[in-house]
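Participant: Letter by letter, the chains look like this.
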Amino acid sequence: MTAFAQMSGAQMATVAALQSVEVAYGRGPALGPFSLRLELGEIVALVGPSGCGKSTALRLLAGLEAPTRGEVLRTAGPGETSVVFQAPTLMPWATGLDNVALPLELAGVPRPQARERAAAALAWVKLKGAEDAKPAQLSGGMAMRASLARALVTGPRLLLLDEPFAALDEITRRDLAADIHRLWAAAKPAIVFVTHNVEEAVFMASRVLVMTPGPGRLQAEMRVDAPLPRPQGFRVSSLFREAVEQVSAALAEGMTA
Amino acid sequence: MRRALDLSAPIVFVALLLSVWEIAVQALHTPPYLLPAPSAVAAAFEQNRAILIDSALTTLVMALWALAIASIAACAIALTVALSPLAERSVRPIAVALQVTPIVAIAPLVNIWAGLDHPQRAVIGLAAVVAFFPIFSGAVTGLKAADPDLERLFDLYGATRLQRLRRLRLPAAVPFLLEGHKVAAGLAVIGAVVAEFVSGSGGSQGLAWRLLEAANRLQTAKMFAALLILGLMGVAAHAAFQALETWALKEWRGR
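Here the protein sequences line up with chains U and S, keeping their order. The first sequence lines up with residues 0 to 256 when you count with numbering that gives the first Met the number 0. The second sequence lines up with residues 0 to 254 when you count with numbering that gives the first Met the number 0.
To be clear about the criterion: a stretch of chain U counts as covered by chain S if any three or more of its residues have a C-beta under 8 Å from a C-beta of chain S, and this derived list gives those stretches:
#, stretch
1, 71-81
2, 84-94
3, 132-138
DEER-style ranges, computed between Cβ atoms:
#, chain 1, residue 1, chain 2, residue 2, range
4, U, GLY139, S, PRO92, 35 to 45 Å
5, S, SER83, U, GLY232, 53 to 63 Å
6, U, PRO28, S, PRO147, 19 to 29 Å
7, S, PRO101, U, PRO28, 44 to 54 Å
8, U, PRO28, S, ASP154, 19 to 29 Å
9, S, ALA144, U, GLU241, 45 to 55 Å
10, U, ILE170, S, GLY230, 52 to 62 Å
Quick caveat, the hints were computed from the structure, so don't treat them as lab data. Glycine included, each C-beta is placed from N, C-alpha and C at the ideal position.
The following block holds chain U by itself, in its conformation from the complex (with noise of 0.2 Å):
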C-alpha cells in the first residue's frame, strides 16, 4: 500500500529543515521555493529531473551554501554530518585508512584512535583489506564503498548522498544500496537520498518527494509503507511496482505541468 503523504502523528525529532527555501545562482533560480522536514531516522528520496535543484537542496542541509531566501534549521552539530558525493572523492595521494580517518583527525581525534575507527569502519562496508591501497588500487564499487566508510566513522546523525549510484552497475549498486539500510538500521540516522532513478528512490527511502524541473518545488510526496531494509523480493511486489508508477506519473505530471 502506498498512499500520498500523512505525516504520522508519533512526534520525531526534527534533524534538519528547509523553510520556503529558494537558491538564486547568476544565471537564474536554481531551487524553490522549497520546503522539507527531516525527522531522525527516516530516509528521505529527492527525485527529479537533472537540474532541479536536488543536489543544490543537499547542500543547503549540509551547510554548505546559504539560501537567498527562506530559512535552513540543522540540529545536527558539526561533525554530525556526513555527505557521500557522486564520485567517491577520495584524496588520491592517501591511502583507504587514511582517506576514512580523514574527518576523525580534522576534528582533532588522536592520530591512533582515528586509525583504529577508521579500520573498523572500512571492515563495516566490507573492505578490509584496502587499508593501505591508494584510490587508483581501488574498482569503483570499492572507491563508493570506502567513500561511505569516510561518511559513517564520525557516527553522523544525518547522511546525505548526492546520487552515490550514478557511476556504478546493478549489482554494485544493489550491493551498496543494502551497505545503507544495513548502516541506518544500526545507527538510525536521517538520510537524504538524491537520485532521478525512480525505482532507487522507492527502493531506498521511507519517503519520496518528487521535484518539478528547476528551479524546484515540491511536486508531489509519497510514503512507501514497507519494512526497512527491504525484504527478499520487494522488487517484485506490487507495493513496489505501484509505488514506481505513483512517482513516475507525478515525476511526468511534473514536467509537462
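Chain U is already provided as a structure; the job is to place chain S on it using the hints.
Facilitator: Relative to the frame of chain U, chain S by itself:
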C-alpha cells in the same frame, strides 16, 4: 621483434646521417673550419675531453644552483599567493613581466648587481629567473587544483586553513610541482648557457665559454664537440627528471 625494431630505428638513422655527412665532407673537400667531418669532431672531443667535461660540469652545477634557488623562491611566493587572492593579484603581473622579458635584455643589469668579479653569480641569477616561472605557475595552479567536492568535505568537517593547506592543497599540488620542476630543469640548463654567453668573461668557464673560445679561434670541430656534450647533458637532465617525475607520480597515486 617489434620492440627491437623500435629501439634500433633511431640508432640506425643517426648512423646513416653520420655516414652521409662523413662521405660528403671527404668527397667535397669541405674546409674543416666550415664543416668538419664527424671523425674530426670525434678527434677534437678526444683531444679536449678533460676540459670539455670539466666545463660541462661547471654549467651543470650552475644550472642546478639556479634550479634550487628558483624552486625555493617560486614555492615560497606561490604559497603566499595561495593564501591571499590579493597577493596573487599583486604578484601576477610582475611574474608575467619577468617571464616575457628576454633574459639577454636583463643580463647586463644582473652583471652589475652580481659584481663584475662574480660572473658565476650573474649566470646563476639569470638562469634562476628563467627557471622561476614554470615552477611558480605550476605551484599556483596546483594549489588551486584540489577537487571542489573535497574542498566541500573539508568545509563540512570544519577544517582550519592550516589543515586545508597541509592535508589537501599541498598534496593536490604535487603533480603540478613535479611537472613544473621538470620543465624548469631543462630551462635552467638553457638559461645557464645563454646567460654565460652574455655574462661570461672567462671568470665562469662553462660550456658556453668553450664555444665562444673555439669560435673565436675557428676551431669548428671543437665547437661541434662542445655542442655534442651540451646536447647529451640536456638529454640526460631531461631523462633524469622525467624518471623522477614518473617515479614520484607512481608513489603519489599508488599506481
